[in-house]
Every structure is written in C-alpha cells, then in structure tokens.
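Put chain B on the given structure of chain A with help from the hints.
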Amino acid sequence: MPPTIALDVIRYRPERNEEPSFQTYEVPFRDDWVVLDALNYIKDWLDGSLSFRWSCRMGVCGSCGMMVNGQPKLTCAAYLSDHQPGPIRVEPLNYFPIVRDLVVDITEFLRKLTKVKPWIIRDQVWPVEEGEYRQTPAQLDTYRQFSQCINCMLCYAACPIVGLEPEFVGPAAIALAQRYNLDSRDEAAKQRLKILSDHAGIWGCTFVGECTQVCPKHVDPAGAIQQFKLTGALDALKSLLLPWGTR
Amino acid sequence: MDVFACDVLVVGGGGAGLRAAIAVAETFPSLAVTVISKVYPMRSHTVSAEGGAAAVIKPGDSLDEHAYDTISGGDWLCDQDAVEAFVREAPAEMVQLEHWGCPWNREPDGHVAVRPFGGMKAQRTWFAADKTGFHLLHTLFQTSLKYEGIRRHDECFVTKLLVDDSRCQGVVAIELATGQIQAITAKAVILCTGGCGKVFPFTTNAAIKNGDGMSLAYRAGVALKDMEFVQYHPTGLPFTGILITEAARAEGGWLLNKDGYRYLQDYDLGTPELKPVLKSMELGPRDRLSQAFMKEQEKERTIKGPYGDYVHLDVRHLGEQVINTKIPFVRELCLKYAHVDPVKEMIPVRPVVHYMMGGIHTDIHGATPLPGLYAAGEAACVSINGANRLGSNSLTECLVFGARAGKAAAAFASGQSEPNPAVLAQAHDEQRRLEQQFLFKAGGTERIATLRQAMQEIMEQSAGIYRDASTLQQAEGKLQQLQERFADVALEDHSYTFNTELTAALELSYMLDLAQAIVGSALQRRESRGSHQRTDHPGRDDRQYLAHSLARRSGDGSPRIDYLPVKVTRWPPGERIYGR
Chain A
1 MPPTIALDVI
11 RYRPERNEEP
21 SFQTYEVPFR
31 DDWVVLDALN
41 YIKDWLDGSL
51 SFRWSCRMGV
61 CGSCGMMVNG
71 QPKLTCAAYL
81 SDHQPGPIRV
91 EPLNYFPIVR
101 DLVVDITEFL
111 RKLTKVKPWI
121 IRDQVWPVEE
131 GEYRQTPAQL
141 DTYRQFSQCI
151 NCMLCYAACP
161 IVGLEPEFVG
171 PAAIALAQRY
181 NLDSRDEAAK
191 QRLKILSDHA
201 GIWGCTFVGE
211 CTQVCPKHVD
221 PAGAIQQFKL
231 TGALDALKSL
241 LLPWGTR
Chain B
1 MDVFACDVLV
11 VGGGGAGLRA
21 AIAVAETFPS
31 LAVTVISKVY
41 PMRSHTVSAE
51 GGAAAVIKPG
61 DSLDEHAYDT
71 ISGGDWLCDQ
81 DAVEAFVREA
91 PAEMVQLEHW
101 GCPWNREPDG
111 HVAVRPFGGM
121 KAQRTWFAAD
131 KTGFHLLHTL
141 FQTSLKYEGI
151 RRHDECFVTK
161 LLVDDSRCQG
171 VVAIELATGQ
181 IQAITAKAVI
191 LCTGGCGKVF
201 PFTTNAAIKN
211 GDGMSLAYRA
221 GVALKDMEFV
231 QYHPTGLPFT
241 GILITEAARA
251 EGGWLLNKDG
261 YRYLQDYDLG
271 TPELKPVLKS
281 MELGPRDRLS
291 QAFMKEQEKE
301 RTIKGPYGDY
311 VHLDVRHLGE
321 QVINTKIPFV
331 RELCLKYAHV
341 DPVKEMIPVR
351 PVVHYMMGGI
361 HTDIHGATPL
371 PGLYAAGEAA
381 CVSINGANRL
391 GSNSLTECLV
401 FGARAGKAAA
411 AFASGQSEPN
421 PAVLAQAHDE
431 QRRLEQQFLF
441 KAGGTERIAT
451 LRQAMQEIME
461 QSAGIYRDAS
471 TLQQAEGKLQ
481 QLQERFADVA
491 LEDHSYTFNT
501 ELTAALELSY
511 MLDLAQAIVG
521 SALQRRESRG
531 SHQRTDHPGR
541 DDRQYLAHSL
551 ARRSGDGSPR
561 IDYLPVKVTR
571 WPPGERIYGR
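Chains as they are written, first to last, in the numbering used here: chain A, 1 to 247; chain B, 1 to 580.
Here chain A stands alone, though its shape is the one from the complex (with noise of 0.2 Å):
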C-alpha cells in the first residue's frame, strides 16, 4: 500500500449546513506534495464538491492562504511532509466570514486597501515625454520591502487585533500605506496618516508581531505600523507645539 495522509477539512455550505464541521479525507502521501497538492487530488478524484481558491502555485498571487495546523499559511508552500503524521487540520482563515468550505469574504480587505489611497499622489505630475521620475537605489530600498506584500491575508488571519475590532485597517494595508509613504515619488504621507490616525483599532496594536511571523514575503508589517506609530505621534506633537503649521 503506497503510503496515505489524512486531512481534516473544513465544509460548509450556506444552503445546506447551519455551522462549518470537518470532513475528513485520504489522500497519497508524497514526499514533493504541498497541502494544495492534496486539496486538489480531493477535488479531482474524491469529492468535487470542494471548494477552495488557488491559482499560480508559486507563492506569489496570494490565492491560497488558509489555516493550516492552526497556522496561517500559503498551502501551495506548506508540505505535507512537515505536517507528519497528521492528519494535518486545514481551515479558512481566521477572522473573515466563510463564504464556502475554504473560501473567505475578502470584500472588506479590498475595502481597506483603498481607504489607504494606495498610489501615487503628488502636486507636479510629470508628463510622461519628461521621462522618469528619480529615484536613487538607496531611496528605493527604504519602501522595497513594504511593496512586497501579496495580499494573501495571512497577516489578518494571524493578528489578536483584526479579532477583536473588525474596523481595523489591518497589517497588510497599513504595511501598504507606509510603501507610498516612503516612495520619494509620493506626496501625500500626511493624507495617508490622517486616514490611519482617524481609524478605528490603529493604536490597539501591541506589536507582538505575528504580521510579521507569519508574512510569506517578510514585508513585516508590525515595522511598517512601529514606524507610523513614530510618525504618527511625532505629528500630534508637533501640532500641539506648531499649531500654525508642521510643514
């Protein structure tokens, strides 16, 4: 008998069931297989009534987050072999509305991102025959890693804040807001900071850091809001001091 792993996998269909419960799967066990690997081989060959979003299976659309273990994590870059014996328990992530069996609402997310004005703003917009903008490698480095975030909403699923106050922008978006921030092409950091001071839960956060933890792409997102946290308070400082202005 070729060697078998089993999974725990969340179901839940609106029309049909009041509450998520478990169903469990036998899947092939290989060495190279990811736990994707194993949702699919369910999917094709066992109950096609699964469903679960995915895509490129490389890490980078950011499709595929779920709980995995209890973690949230990529399943096409979680591996059925660190999860032995199992069975390996896969859920939807935490703290979003399941839609269906694996599938979460993310409309709130997108909703999030946008409220943060994630693009470029400034006074002087360059015609494009004027050519680029500049930016030295040394201004490009200081919001690189902040411009690598994938959306894949691990860093929600994993933060105690986003659990306990819904209106929380998020590690994601603000990690987003400080990308543009940064950029030595953009303008509008003070916009941007009134939006995040304004907003519900940006001050609850505590850094204990699980953004950052459980980040794919160590875009660290408890530095991004350390950081804005700084500026944020510098800011009403200076206000309270500069009153006339803190241009």
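Below are the PhoX-like pairs computed for lysine-lysine, each with C-alpha atoms no more than 20 Å apart in a straight line:
id, chain 1, residue 1, chain 2, residue 2
1, A, 238, A, 194
2, A, 194, A, 117
3, A, 194, B, 146
4, A, 217, B, 336
5, A, 117, B, 146
6, B, 146, A, 190
Some, not all, of what chain B presents toward chain A, calculated at C-beta under 7 Å:
id, residue
7, 47
8, 95
9, 207
Some chain A residues well away from chain B (every beta-carbon gap over 10 Å; in silico):
id, residue
10, 4
11, 6
12, 8
13, 24
14, 166
15, 202
16, 206
17, 227
In case anyone wonders, no lab produced these hints; they're calculated from the structure. Given the structure is predicted, the values throughout are model-derived calculations rather than measurements. Beta carbons are placed, not taken as given, at the ideal position from N, Cα and C, and that holds for glycine.
Showing chain B alone in chain A's frame:
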C-alpha cells in the same frame, strides 16, 4: 437575473485588462467602465511574470533594433506595422508605469536600470528585481483604485458573449459568491483573459489560464490566429513547472548537460564565453533553446529524473550578492519548491509550456472583426510575437495594446446606441443552458479531471516541441471523442455558492475548443517556423506560409483553417542569426 449596464466592459483584470480600463477612464472619463474577472485582479497571472519588460530607453539602442529583434525572433511571422507601433509606444508606457509607482530597479544616478534578455541585441529590459509582473500588476491595480469611474465585478465568471445585430453588446456571467447569473450589457467589450497554457500538462501557467476569452470569441465566430505557436520556456522546475526566469541567464547563468558541458554551442547559438553575450548561447531565443534540449535528450546527454529528463542551470558563479539582488525570487522559488539553493547548487530545469503566441485575431488597435469586440494581452494575437515571442515583450505588450484597445473601444462605445433589448433574451437562454447542462443536471459518468488529464496528454504527445502529421491527425480524432465524452460530464456539486466544480467544467469546455484549434492549425501548417517544428516538414516555407493561420469554428465544432498574409513593411524575411 441581475442586469447591469456599462459603456465599456473589460473582461480580465491582469496587466492588459487594468491598463485598458485606465485608458478608458483617462481618455473618455464620461464613459462607465467595468472590469469583470473570475479572480480578484491582483491574483491574475501577470503576477507570475518575472524577468522584465522591454522598451528602448538607453543611448545606443534604437526602435529599429527592437523591431528587428522582435521580427527575426518571431521568425518573420510578426505583422511589422504592429511591431513598429509596439516599439514606438513602449517607452512612454513604461515611463507611465514608473510615474504610477512601479518600483523599477535603478542606476546609481536614479535613472531606470535595464538588463539583457534573450534574443535582444541591446540591453532594454526594465525590471523590478525578478518580480516584474508582480510589481507591474499591483501598481496597475492600486492605481486603478483611484479612478472612481472604474467599477469592478470581482470573482464573476463569464460564460458567453452577447452578440446581436452583428455587434458585441455584453456578456453573461456567474457571480461566484452567490451563483447568480448576471447579464452585463456594454457598447464595447475588451477580452483580456490571458492564454491557455493549462491545455498542456506541464506549464508555468496558473490554474486560471484556461483561455476563457479565446474560446468566448471563437464561439462567437471570431477567428483565432496562429494558435499552433506554443512557446516552451527552456527553464522550468521539473514537477511543478515553476518558471526560472530568463533573467537568471541574462545575469550570466549557464545551461549544462549531464557532462557539465554548455551544450547550446552545438546548436548554432554561438561559442561559450564567461560573461553573457547578447543574442548568443544562453541569451538565444526560447524556441531554439527548447529545441536544443530535445536534441540533447535524443543524444542521451540530459539527466534522468522522476519527472522527466532535465539539464542544469548553473548560477553559482554569480555569487550570493548578485543572486540576492538581481534574482532573489529565483532563489526563493528554488529553496521553497525544489529544495535547492542556487548559491551552492545547480538548478534542475526542463522546457515547459509558457505562452501562446496565438490568440484572438485583432488589428493593431485591438479590434476584432466583430464590431464592439476588442482583445489585448496574451488572449489576443495582433501579432507582434509571430512564431516565437521574445522574453520581456509580453508585459510591454499588455501595456501598449491594453492602452490601445482601451482607447479604441472607448471611442467606438461613445458613438454607439444602447444595447438591443434582444440581448436579454439571449442572456435568459444562456441561464437555462447553464442550469440544464450543469447546475441541475443529474447523472453523467465522466469526471472532469479524467477528461482534462486525457486532453493534456494528447496535447503533450501531439503538439509539443516537435510535431508531425500522423500524431496530429490522431490527436484530432481523440479530441473529437473527448468533446463527445464531455457531454456526459458528471457534477457532484449543485450548489449556487462558490461552485468551483461548475467553473472547472466550463473551463474544461473552453480548453477543449482551444486544443482543437491548436491541433487543427498545427496540422495544416506544413512547414517549420519558430516554435512550430514539423519533423515531416523541417524547413520554413515563405512562399506558402508567410501567413497567419486563422481558425474558425465550424458547425460541428471542429476548426476550419485559412490564411492571411503577414504584413511586411521594412524587413523582408531572412535568416535568424544567433551567436555569429
């Protein structure tokens, strides 16, 4: 049924689709533009592109050189007027993307940096480390958020084009979260749905790349152009098919056979040098490199592995610092998915299906022959890629022709009347079809995965790097049988909520159409050109085949092929020369 109306509807939210939507919003701000996509836009496959995007920017380079590299790289099947427009508009599109925030790598003085790339005679490939597609897509997506005029229907799966009065007037789609069928009417529709690598078993392409838009257009009577031209990228990781970017070779990586020998020197690609030489050896074009692998395999000079033969890509001599700054994603992918550290070990690679040169027949404005229907990106065939695309031309193509299609569609839409009410009756018919054939269907014996696997095996055997008439003829018959078996497909899932078995069935039906178009076009082209190599017709035949194939769907579903001459402006067909 929910009915929505807009002026311009963009299907697909990848590089081409988002660029098209922004072009509409900027040039005709009064028009209502909607982007509909079966995934959230930032999941689109553009995200996986790695190496870079080509556009002439540096002194010493010229538009003519870029055009010539592209045309000769495409084995003279490119339309030269399209290539001239492409290279001319490329630099401005790239600067525009820079202004929108794309984190391009830079020179010490702050100007954008470029790198060499396969088949390119000058350094003109802009790059953001080796995650260029990721940054390009996220920059476009984030920029698109600032246009209030751009609406999105995320995670909605298009099943049909609405055509009435010989004009495309919208689509029917399934909203995945609810299963609700939507009719979205539009005065112009732009298909930006990418390629169909998933018709093959071993591909760099993401799960979503099923050629949805190609098939939608094909079913609406629009021809598919040059479908026989399938690009194998020479360096994919065995088993997963994960792409190891050409940038690894552009930075100086070597391809070695089992004896540690740089075998490309045996295939008229130049002589090995320590440093990379433009248009030579490892910087030759993808078709020639993938063909060289096959020849090495025949000579038993490749390495046997559990997932087929492979050769080695060696980047160790570049050193850790270059690897970490120029190709960090290569290292990350190798560590995570092949358990190999390229700093210390050689990377196992083999050719892998990567890109469709063919696609929906359009003119240089992205317009298809069906009024109101446009296409751009990999889904389209303009054609600037001819018989073999050069690496780093496709991201730029998404921008240039996405923008062109957006502007052309917007101009067309602003002169059109409202869609005919008759299209709503069509939408109701489509809803009934989806319910009867899939959602409410009882019985059926064929598993989706069984049919998909069979299709993929047929395609690999018949339409791979080398082809011949008899295997292609057999494949035609087998694909016809699969079409018949598909009518008996079984669905276990009858839920309206996020039913991915339903979408998998629909995707399979799209791919079966395209597999037939690829095989039919490959069978008819009795010559070898670029990526289409016929062992029974080994030479290029410009007298008969300096022409695009056009596959049209006939009454029984099989493709009918005819030809359209290639547009030659300034570069008459000649020999492709690399390394000498």
